[in-house]
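Q: Spelled out, the chains give:
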Amino acid sequence: MKKTVKLVINGETHILEVEHRRTLLEVIRDDLRLTGTKKMCGQGECGSCTVLMDGLAVNACLVLALDADGKRIETIEGLAQDGKLHPIQEAFIEKGAIQCGFCAPGMILTTKALLAKNPSPTEVEIKTAIAGNFCRCTGYARIVDAIQSAAVRLRGE
Amino acid sequence: MKEFEMIEPRTREEACQWLDRFKGKARPYAGGTDLLVELKAGRVKLDALVNLKSIRDLGKIRFSAKNGLAVGALATWTELLESEAVSSHYPLLRKACESMGSLQIRNVATLAGNICHASPAANGPIPLLLHEAVCLIQGINGARIIPVGKLFAGVQKNTLKHDEIVTEIRLPPPPAGAKGSFHKFAHRKAMELPVVAVGALCWTLNGAWSEVRLALGAVAKKPFRAQKTEKFLMKNKSDEKTLRLAAEVAAGECAPITDLRASKEYRLELVKELVFRTLKESLP
Amino acid sequence: MEELFFVGKDIPRVDARTKATGEAIYTVDLAFPNMLWGQMLRSPHPHAKILNIDTSRAERLSGVKVVITGRETPFVFGVSHMDQTPLQTEKVRYVGDPVAAVAAVDLDTAEEALSLIKVDYEPLPAVFDPEEAMKEGAPIIHEGKLRNIAANPIYNIGDVEAAFKEADDVFEDRFETQRVAHVCPEPHNCVAVWDHSGKLTFYYCSQMPSVSRVQLSKAFGIPESKIRVVTNNVGGGFGSRATSKFPMDFVAIVLAKKSGRPVKIECTRAEEFIWTTFRHKFIMTVKTGIKKDGTITGRHITNICDNGAYCDYGPVVTNVGGAMQGTLYRFMNYRYDGYTVYTNLPYGGAMRGIGNPQVHFAGEAQLNMIAHRLGMDPLELRLKNAVRTGDETASGAVLKSCGLTECLEGVANKIGWKGKRANPKPNRGVGIACGVHFTGVRLSPGIDADFAGATMVVNDDGSVNLATSCVDIGSGSSTALTQIAAETLGIEMEKINTIFGDTETCPMGWGSRASRNTAIGGMAVKKAAEDARAQILKAAGEKMEVHPDDLGIRNSTVFVKSAPSRSMSVADVVRFNRYRKNGQAVMAKAHWDAPSTLADKVTGRGNFSMAFSFGAKAIEVEVDPGTGQMNIIEVAAAQDLGKAINPLGAIGQIEGGVHMGLGFAMSEEIVLDEVGRMRNNYLLDYRMPTALDMPPVSSILVETDDPIGPFGAKGVGEMAIISTPDALMAAVYDAVGVWIPDLPITPEKILLALKKKKAAEKAG
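Protein chains in written order, with our numbering: chain A, 1 to 157; chain B, 1001 to 1284; chain C, 2001 to 2764.
Keep in mind the hints are simulated off the structure, nothing from the lab.
All C-beta atoms, glycine included, are put in the ideal place defined by N, C-alpha and C.
Warning: the hint list may mix true and false statements.
What the hints assert, rightly or not - Chain B regions said to be covered by chain A (calculated; three or more residues, Cβ under 8 Å):
#1 1003–1012
#2 1029–1037
#3 1103–1113
#4 1186–1195
Claimed, not checked - Derived pair list, reagent style SDA-like, types lysine to any residue, alpha-carbon separation capped at 25 Å:
#5 A/3 <-> B/1003
#6 B/1060 <-> A/116
#7 C/2756 <-> B/1179
#8 B/1161 <-> B/1044
#9 B/1179 <-> C/2090
#10 C/2755 <-> B/1259
#11 A/6 <-> B/1057
#12 C/2292 <-> C/2270
#13 A/3 <-> B/1046
#14 C/2049 <-> C/2131
#15 C/2589 <-> C/2547
#16 C/2165 <-> C/2285
#17 B/1002 <-> C/2042
Required output: the full structure, derived from the provided sequences and hints.
A: This is how it looks when you write it as C-alpha cells:
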C-alpha cells in the first residue's frame, strides 16, 4: 500500500510515493541518499538516526514516513549553511568530541534540539538529553564539554 | 517490516469501526515506539494500523482543580513533563516521566500507549494506580470507563476488545495533604525498564496514616496495588519496625520472575528494601 | 629539547569536519547501481551433521539471482589456525554457523528465499562449557583436536615451584570474566564488485585492508594486483574487524562473481552482537607466592579460554594474556598455561586488549586480595614489585621506558588514596590497579614481522599527499600521523592530505590493531617525511648554493639557518626540482618494521614489542548496602604513553577506554541460552553506560619519552580499558567488605554476597 507524502527536509520539499510501512530513516538514507543520518540499531535504542521533526528530536527509524508528512524535518546535512559550519559542529570539532564519528550526526541534532529549548543547560540536563544517543568511543566527557561550549557560542558569549 | 495498511480515521467512531472491521488484525497506532519495534521483529503481524494521530478531537492535557487531570490519548511523555499542572500537582507522575526511555522516545511515545502495551515493568502504571486513575475507552458499542488497574490482563496483554481504543486517562483532583514517594531500581540511569518499581501515596491524620496506597511494578504479571500490605499498615503503628514487617508482607504479594535483568531472589530483596524506603519517606 | 609546532598540540582531528557534517562516508552508506542484497542461512543447531541442502525452491523465487552452498565456497580461512570455511558442507558447530547464502533484489526477497532453503540435519551431542569440553569423552568439535584444545600457549620462565617454596605465603584464587560485545556503531557490512577485466573491488569496514587483500588473493587464487580492498571511514573497530575473516566477506564475493552484480551484505544489530566475534570468556586460576615483606616470588596462572566453535583470534588472545602477566612486576619465576578450548558456541575474537584485560583482572584482583590478607597497602605492594625502566621482565620484554610507578602514584594522588584509606566513610571505598599493554606485537609464531608503510608526495604547490597503511577507525591515527608528518617536514597540517584504506593507493601494513598506529605507523610516516625533507633540502641546497645541513624548513619555507632571510618556498623547491633536465619529483616511501622479536619456542620469552605502555586506575565507589547499587564517585586513569602526540586525542582514548572498561566491569554481558543463542542481542538489555551513568574521569598523561617511537610515543588505545574492573572490584571490597571475583560486578552479586556474609557472621 502506498501513499504520496510531502517531506520538507532541510527546507527542500520532496514529493514521494512511499509504502505505508516505510520509515523516515529508510526514505532519508535509501531513497533520498542523505546518508549523514545513521542506522545503528533500527529499534530506537541508540539515537544515531536522530533527526529533528518540527524541532523535536526523534528516532527516524521509529517514525513512519507517513508520520513525517508535511512536517519540517532537519537532518545533519542541513546544519552547515553557505559553507559555514553550525556553532554546534564547530564546538564538537574543537573539543575533541568526535572519534569514529558514527554517533556524531545524531548527537549534534539532539544538541540542537536541547539548546533551542534550554540555552543554558546544566551538566545533568545535557546528559539527560543525550542519554538516548549511544557512543562507544568517547565516554561522553568530550561531548558534554562540546555541548557546553556550543551553548556559550549560541548565547553569543 | 511486513506490509501493512495505514488507516487514517477522522473520528474516534471511525477508528473503532476500522478496528472492528479488521477483527484483531489491526491495532491503534499513536507514538508507535513499542508497536513498530514489535512489527520489525516479526513478533506481531498485522494487516493494518489505525492512526489515532489523524483524529482531531483526541485532546491533549487538561487540568482543573475541580476535575483533576485529563491526559488525552495522544499526549506524549515530553508534553507531560512540560505540563505545569503535572509538575505542580502530580509529582509522582512527573517522576515516572523523567526516568522513561530517552528524549527521542519521550518526544513521540504516549502515556496511553505505555499503559496499553501493558508491560509489567512500565513506568506509567505506578503513579496512575496510586492516584486511582481511570481510562476512558471507546468501542463500536459506545464508551466505558474503567480503573487503570483493570486495563492489565497479563504480560503485554490488555483487556481491551479488538475494536476499542483508550481515548483519555483521568486522574482525580490532586490529593490534598498526601505525601508521595517513588523508587525504582534500574541498572542504568536512562534507557531502562525498572527491575523493581515501588510507589506510595499516603494521607495522614493526627500524626497517623489515614490512608496508604502502595503500588508495585515489575514484580508480577501486572503492576498492582499491594492491598494486603496496605491493610497491614493501617492496622499497625507507623514506625520503622512495622515498615520492615510491611516490606515482608509486600514481598509476599509479589510473584517476580528471573529474567535478563534480575533473579527472582534479588527482586524480592529489592522489594523489601524499596518498599521500606518508600514508606519511610511517606511517614507522617 | 627542540621546540615542537604540531606534535604535542591539541590539534582538532583532520577528519572531524566531514564527520560533523555527515559527509564522511562509511561502508554502510555505499550503494551501487544494480546492487543485490546478500543474506546467509544459519544453522539452528549447535552441533549437527549436514545431510542434505535443497535450494531449488529458493532458486525459483522471483527476485533471487544466486543461491550458493559450501560447494561454492571451498576456502579454508582463519587467523592463526585455518579451521573455518565460509559455508559449512559437512557439519555445523554453533547456532548461527552459515550453510547457504542468497543474493536477491531486496532484503525482503532474500529473507524469503532463505526460508525456502531446506536443510536436513542430524543433530550431534554438543558441549557448551570449556571445562566439560576438555574432559575425556566430550564431543569432538574439530577432528584431530583432542579434548577440544585448539591451542595451548605456555610461558615457563624460571622455576615457579621453587618460588612457591621460597615464599612465606602462597595464595590460589579463581576468577571468571564474561563474554562482552564490541558494539561497533557501524554494523559489519561489505560490498563486493567484480568487473569483466577480472578485477575484484571489495568495500569493507576493515582495520587491516592490505592483510584482507592477501587473504582474499590466497582464497580466490587471483593476483593481489587484481584485488582492491577499499575501507572508507570506519564506525568503530575495537578489534572486530582486524583481518578479513568473516564468512560474509567470502560469501559476498562469491555471490557477486556468480551474479555479475555488486552484492552487499549488512549485519543487523542483532546479528552484529553475536556473530562478528566478541571478547572471550576466561576461567582463570592465579597462584602467587609472596614474602612477608611483600616481594612476589613467583606466579602461576592457568587460563581456560572459552573459544567457541572456530579459532579466529582465540589462540592469540589466550597467548597475549599470558605474555603480559610476565611484564608488569619484577618476579622472574612465572608460568602460564593457556588453553584455547573449542565449544559449540558462537566464537570470540580480538577485542580491545585482546585477552589482556581479562587476565589482568585476575592477576590484579588477586594482588588486592593478597594485600588485604597480609594487611598491606595495595599501592605500596605494587610500588614494591613494579617493573622499571631498564628492566628485562620475566616475559623477556626489555623496558626502554616505563612509567608504571608514576602512573600508580598519579592515580593514587588524584583519588586521595592515603586520606581516604585513613578516614574511610561508611559504604565508600577506593581501589587501585595497574597494567601494561604492548605497542604492536610479534606474537604469531612464524610471522616475524610487525610493520607499517607510508608513501609521500610533495606537490608543485608545496602541499603533500600522504598515504598510510594505518586505518583510522576512530582512534585519531590520521590526525596523529599528519602531525608527525607536519613536524618532520616543516609543512603546515592543512597542506597535508592523509589517506588510508585503499590498497590501490596505500602501502601495505598490519593496519590498525595492537595499539600500533601512532608508534609503528608514525615511524613509517616519520621515515618517509625525513626522506622527503632530505630531498627538499638537497634540491634547495642546489638552488640556493648552500649545504643542506645549513637549511631548515618551517611554515613551508626553506631557510638558511645561518641567514634566515635567505629563503625559498617549498613549492618553488619542488618546481625547481621537477622542471629541469634530469629533474626529480619529491617522492618518498618507508616500510618500518618494529624492532621486536618472536618468542622463544620453549620458554615463551621474547622482547615481543617495540615498547610497552603502562597504566593505572584508581576508582572511588559508594555502594548502597540495601540494594548493592554502585555509584562511582570518580575514576582516575593514568597512562604512560611515551609522548602524547595529540593530548586531547589521547584523553579521548582514555575516557573512551574507561567507558568500555566500566561496562566490562559492571553491566555488559553476552547472555546465551542453553544452545548458544544470544538472549540480549539488543541495546536495551546489553547494558553499556549511558551519558548519565558516566562518572567524572580524570586522565593523567605520563610522558616517559620512549627512545624508539616517533617523538617518544607509544600506544594508547588498549591500555585505556585495562585495570578498570580490577580497580572497581577492590573499591567495592573497600566499601562494603565483599570480593566479587567474577565479572561483571553487579548490584545483585554484591547484595547476595552481603547477605551471605551477614549470615556467616551470625552463624560464626
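Q: Next, verify each hint and record whether it holds.
A: Hint check:
1. For a cut-off of 8 Å, the count of residues in the region 1003–1012 of chain B with a CB near a CB of chain A stands at 4, and the three-residue condition holds.
2. Three residues within the 8 Å Cβ limit are the bar, and the region 1029–1037 of chain B against chain A gives 4, so the coverage statement holds.
3. Check on the region 1103–1113 of chain B: 5 of its residues sit with their Cβ under 8 Å from a Cβ of chain A, so the three-residue criterion for coverage holds.
4. Restraint check on the region 1186–1195 of chain B versus chain A: 3 residues with Cβ-Cβ distances below 8 Å, three needed, restraint holds.
5. Distance restraint check for residue 3 of chain A and residue 1003 of chain B: the Cα-Cα separation of roughly 13 Å lies within the 25 Å cut-off, and the hinted pair is therefore satisfied.
6. With a C-alpha separation of about 23 Å, the suggested pairing of residue 1060 of chain B with residue 116 of chain A holds against the 25 Å cut-off.
7. A C-alpha spacing of about 36 Å is found between residue 2756 of chain C and residue 1179 of chain B, which places the hinted pair above 25 Å, so the restraint is violated.
8. Among the hinted pairs, residue 1161 of chain B with residue 1044 of chain B is consistent with the structure: their alpha-carbon atoms are about 17 Å apart, no more than 25 Å.
9. In summary, the hint linking residue 1179 of chain B to residue 2090 of chain C is not supported, as the alpha carbons are separated by about 68 Å, beyond the 25 Å threshold.
10. For a cut-off of 25 Å, the pair hint linking residue 2755 of chain C to residue 1259 of chain B stands: about 21 Å separates their Cα positions.
11. At most 25 Å may separate the alpha-carbon atoms for a hinted pair to count; residue 6 of chain A and residue 1057 of chain B meet this at roughly 24 Å.
12. This hinted pair does not check out: residue 2292 of chain C and residue 2270 of chain C have alpha carbons roughly 52 Å apart, beyond 25 Å.
13. Annotation: proposed proximity of residue 3 of chain A to residue 1046 of chain B holds, straight-line Cα distance about 18 Å (limit 25 Å).
14. Proposed proximity of residue 2049 of chain C and residue 2131 of chain C is supported: the alpha carbons are some 24 Å apart, at most 25 Å.
15. Restraint check: the Cα-Cα separation between residue 2589 of chain C and residue 2547 of chain C comes to about 24 Å, which is no more than 25 Å; the hinted pair holds.
16. For the hint linking residue 2165 of chain C to residue 2285 of chain C, the alpha-carbon distance of about 19 Å falls within 25 Å, and the restraint holds.
17. For the suggested pair residue 1002 of chain B and residue 2042 of chain C, the alpha carbons sit about 21 Å apart, so the restraint of at most 25 Å is met.
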